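Visitor: Read off the chains here:
2 protein chains.
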Amino acid sequence: MSPDHFTPVPLEKAYRLLNHGPTVLVSAHHAGTDNVMAAAWACALDFSPPKVTVVIDKATRTRELVEASGQFALQLPTQAMAALTVGVGTDSAKARADKLQHYGVDLFHAPGQGATPLVHGCAAWLMCRVVPEPHNQQAYDLFIAEVVAAWADDRVFRDGHWHFDEAPEGMRTLHYVAGGQFYATGASVRV
Amino acid sequence: MSPDHFTPVPLEKAYRLLNHGPTVLVSAHHAGTDNVMAAAWACALDFSPPKVTVVIDKATRTRELVEASGQFALQLPTQAMAALTVGVGTDSAKARADKLQHYGVDLFHAPGQGATPLVHGCAAWLMCRVVPEPHNQQAYDLFIAEVVAAWADDRVFRDGHWHFDEAPEGMRTLHYVAGGQFYATGASVRV
Chain A
1 MSPDHFTPVP LEKAYRLLNH GPTVLVSAHH AGTDNVMAAA WACALDFSPP
51 KVTVVIDKAT RTRELVEASG QFALQLPTQA MAALTVGVGT DSAKARADKL
101 QHYGVDLFHA PGQGATPLVH GCAAWLMCRV VPEPHNQQAY DLFIAEVVAA
151 WADDRVFRDG HWHFDEAPEG MRTLHYVAGG QFYATGASVR V
Chain B
1 MSPDHFTPVP LEKAYRLLNH GPTVLVSAHH AGTDNVMAAA WACALDFSPP
51 KVTVVIDKAT RTRELVEASG QFALQLPTQA MAALTVGVGT DSAKARADKL
101 QHYGVDLFHA PGQGATPLVH GCAAWLMCRV VPEPHNQQAY DLFIAEVVAA
151 WADDRVFRDG HWHFDEAPEG MRTLHYVAGG QFYATGASVR V
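Residue numbers (UniProt numbering), protein chains in the order written: chain A, 1 to 191; chain B, 1 to 191.
Treat the hints as calculated values from the structure; they're not laboratory data. Just so you know, these numbers come straight off a predicted model, no measurement behind them. Do not rely on the hints blindly, as some may be mistaken.
The list makes no distinction among identical chains, and a pair is therefore deemed to hold if it is satisfied within one copy or across any two copies.
Unchecked claim - Below 20 Å or equal to it, Euclidean Cα-Cα: the simulated SDA-like pairs (lysine to any residue) are:
| hint | residue 1 | residue 2 |
| --- | --- | --- |
| 1 | Lys-13 | Gly-180 |
| 2 | Lys-13 | Lys-99 |
| 3 | Lys-58 | Ser-48 |
| 4 | Lys-94 | Asp-141 |
| 5 | Lys-13 | Ser-188 |
| 6 | Lys-58 | Asp-46 |
| 7 | Lys-13 | Gln-113 |
Build out the structure end to end from the sequences listed, making use of the hints.
Guide: Put into structure tokens, the structure is as follows:
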């Protein structure tokens, strides 16, 4: 079941979910297997249709699922999910088969969007279809994908804008540095 | 002359300058012409050697300079530079020849790093050499580059770590959303 506050974002506004450079969780599914990893290296690539880039290492289980299914989701963990994010970004499902359960990752599916799972508790979600670019994938671990659907928690993103300043405590998005340290998304600055 | 506090960052730590997803200024030079634009779509791509991606639209003067010289710099404007960042990201040097002067962009050169200019007042700088990938550049406006030198203002990044919490007011980096609105890099979150 979709979480409360799970609200569609028009595709022409989807780039705004990634524009501020948050760390993401990458989720994917193939042949009965789900997985989720963290990625600091995800970025918007185009407005319309919205496209993204994300770097997914060859050593990961998630990479296998993305290559097999041609689909993945990016989602923005909140400050309250910092430990989960480091956990699923550090441990591989290849070494720890119960990784998702161990770190308390709770999955759900968006109606009509197939088997790629989404992670409960995030601030926003982007369902992505890989644009095959074998050279980029092999040489740089770089995936290009088109965003085919997007949603946000309407407490934190609505009417095409983030509202971190009025959102409940712990709902700010995260920006990873290294060694288990993030910065939360901070104060709004208007020019 | 290099600004005070302009301090080399070891290349193996250079990814940490971009990992948190800040908005950047892209500077470039060719045949006597300097230019600077803003880009929200820049991202780390690899650790060692450090590589980056950045999206540079075909309509920009900076794109011409990057393609002609094979080099550019990424640098992280601070909160104090928010208006400058929107200015150089909105106006093109093709339409406003005095763009840099108009927005108060003050350039300098790093010793031994050729003619690509850097922008005074930023929190960190990455000198980048384009890895030619004509398909990515044409199809997606996506440039891949290797970071050949990096520096930071040691009031805000030193010993391989950001120190926003202790830095002077206005030195936090910026994360662009849309319509002249940014978020500053916020509170440190440790797991």
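Visitor: For every hint, state whether the structure bears it out.
Guide: Each hint tested on the structure:
1. Lys-13 - Gly-180: between (31 Å within a copy, 15 Å between copies)
2. Lys-13 - Lys-99: Intra 33 Å, inter 29 Å, cutoff 20 Å: neither.
3. Lys-58 - Ser-48: between (29 Å within a copy, 16 Å between copies)
4. Lys-94 - Asp-141: So Lys-94 and Asp-141 pass the 20 Å test inside one copy only (18 Å; across, 36 Å).
5. Lys-13 - Ser-188: within (19 Å within a copy, 28 Å between copies)
6. Lys-58 - Asp-46: between (25 Å within a copy, 13 Å between copies)
7. Lys-13 - Gln-113: within (19 Å within a copy, 39 Å between copies)
The structure does not agree with numbered hint 2 stated previously, though it agrees with all others.
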